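There are 2 protein chains.
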Amino acid sequence: MQSDLYNIGQAAKASGISAKMIRHYEEVGLLPAASRTFSGYRTYNHQDVHMLRFIRHSRDLGFSIKQIADLLSLWRDRNRPSSKVKQMALEHIEMLNQKIQELISMKSELTRLVSCCHGDERPDCPILDELAQDK
Amino acid sequence: MQSDLYNIGQAAKASGISAKMIRHYEEVGLLPAASRTFSGYRTYNHQDVHMLRFIRHSRDLGFSIKQIADLLSLWRDRNRPSSKVKQMALEHIEMLNQKIQELISMKSELTRLVSCCHGDERPDCPILDELAQDK
DNA sequence: TTAGACCTTACAACTATGGCAAGGTCAAGC
DNA sequence: GCTTGACCTTGCCATAGTTGTAAGGTCTAA
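Respectively, the protein sequence lines represent chains Y and G. Each residue of the first sequence is one higher than the one before, counting from 1 in this note's numbering. Each residue of the second sequence is one higher than the one before, counting from 1 in this note's numbering.
These aren't lab readings, by the way, just hints derived from the structure by calculation. Computed from a predicted structure; not experimentally measured. Backbone N, C-alpha and C define an ideal beta-carbon position, used for all residues, glycine too. A hint or two may mislead.
Below, in silico cross-link-like pairs of lysine-lysine (DSSO-like), each with a Cα-Cα straight-line distance of 30 angstroms or less [unchecked claim]: (1) K99/G / K84/G; (2) K107/Y / K107/G; (3) K20/Y / K66/G; (4) K66/Y / K20/Y; (5) K99/Y / K84/G; (6) K66/Y / K20/G.
What follows is a list of derived Cβ distance ranges for each label pair [as the list claims (entries may be wrong)]: (7) D77/Y / K66/G: 40 to 50 angstroms; (8) K13/Y / G29/G: 11 to 21 angstroms; (9) Q47/G / G40/Y: 51 to 61 angstroms; (10) M95/G / E121/Y: 56 to 66 angstroms; (11) R78/Y / S115/G: 18 to 28 angstroms; (12) Q98/G / G40/Y: 33 to 43 angstroms; (13) D4/G / S18/Y: 25 to 35 angstroms; (14) Q47/G / S83/Y: 50 to 60 angstroms; (15) G29/Y / Q47/G: 15 to 25 angstroms; (16) L90/Y / G40/G: 51 to 61 angstroms; (17) E121/G / A33/Y: 55 to 65 angstroms; (18) D129/G / M21/Y: 37 to 47 angstroms; (19) V28/G / Q10/Y: 39 to 49 angstroms; (20) A33/Y / L5/G: 50 to 60 angstroms.
Put together the whole structure using the sequences plus the hints.
Okay, structure coming up:
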């Protein structure tokens, strides 16, 4: 049966990863080289698409390609200790926290500046003044 | 007097932007081409350093190069309405908010997964299971 | 047989920043 | 005058992830 074979466009639709990125992931080694038809088209089966979905979900959570490679090898290792996965997740949460804090402090500083600016037709602007300050 | 002239290294120290990035900003047109000594060294005066500080403060608040170019032109325009600056700042705050929300939802989803995982020597792991789910 | 939708590769762009290499310049000390 | 070390110059490469484009081959339906 051919019913479980996808070409790259179908795999893209089924997984939510663009064909472009599937090729890219293959090139950088995140995915094994896909098998090919006689004419050179990549083909994917259900399991491949399953792996693509795994990758997409990991990306949606903000894991890097490198981290996803590690997650994939843990996924494939039937004997992994779940503590390893949990540790990776915890480290990633910590990184997310740092980024969130950075963005929040940018936001509060900018909010402070905005509240000082009357924002009308007059040219004097405390936002620009503070940006230009030597500090 | 030469006391108000900086070469690129001194301008970098005084502004907090690396010499590398100063050259880069010049190349992409964020900065006007610096004047040069006879031997080709870039030179900067107080006003240039002032502008560099403006750029650094804007970067610290997360503005992109394109946005900083707009801020700079408002800064130079003695007749700008402060409402324009305020609007840019508000839009940027909105973008920061979006990013913050994205990161927070990643974090809470991941936190949920982590709390489901016992994280010991056993291989069964709800985190990997959910990542692999078709959803 | 032809049109259109798909596939292939390869190259470049984008965000901002850092690193390295090969070479020129400047200032201090001998 | 010459050497040394710190600084400057340009240019190219790398990061991470994604998108776009170009030139060409393949498949399918009319």
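Outcome of range test on Cβ distance (Q47/G, S83/Y; 50 to 60 angstroms)
The hint (50 to 60 angstroms, Cβ to Cβ) holds, given that Q47/G and S83/Y are roughly 58 angstroms apart.
Lying within 51 to 61 angstroms: is that true of the beta-carbon distance L90/Y to G40/G?
At roughly 52 angstroms between Cβ atoms, G40/G and L90/Y fall inside 51 to 61 angstroms, so the hint holds.
So if I understand the rule, the pair passes when the alpha-carbon distance is 30 angstroms or less; does K66/Y with K20/G pass?
28 angstroms, holds
G29/Y and Q47/G, beta-carbon distance inside 15 to 25 angstroms?
50 angstroms, violated
Below or equal to 30 angstroms on CA atoms is what counts here, so check K99/G against K84/G.
Holds, because 23 angstroms separates the two Cα atoms, which is no more than 30 angstroms.
Beta-carbon spacing of D4/G to S18/Y - inside the hinted bounds 25 to 35 angstroms or not:
53 angstroms, violated
Quick check on a hinted range of 55 to 65 angstroms for E121/G and A33/Y, using CB atoms only.
Between E121/G and A33/Y, where Cβ atoms are some 34 angstroms apart, the hint is violated.
Lying within 37 to 47 angstroms: is that true of the beta-carbon distance D129/G to M21/Y?
24 angstroms, violated
Can the suggested window of 56 to 66 angstroms be confirmed for the beta-carbon pair M95/G and E121/Y?
Taking Cβ atoms as reference, M95/G and E121/Y lie about 25 angstroms apart, which means the hint is violated.
Can you confirm whether the C-alpha distance between K99/Y and K84/G stays at or below 30 angstroms?
With a Cα-Cα distance of about 28 angstroms, the restraint between K99/Y and K84/G holds, given a limit of 30 angstroms.
CB-CB spacing for G29/G and K13/Y relative to the 11 to 21 angstroms hint:
Violated - the Cβ-Cβ distance for K13/Y and G29/G, about 41 angstroms, lies outside 11 to 21 angstroms.
Given the proposed pairing of K20/Y with K66/G, does the C-alpha separation stay at or below 30 angstroms?
27 angstroms, holds
In terms of the numbered hints stated before, the structure departs from hints 8, 10, 13, 15, 17 and 18, listed from lowest to highest.
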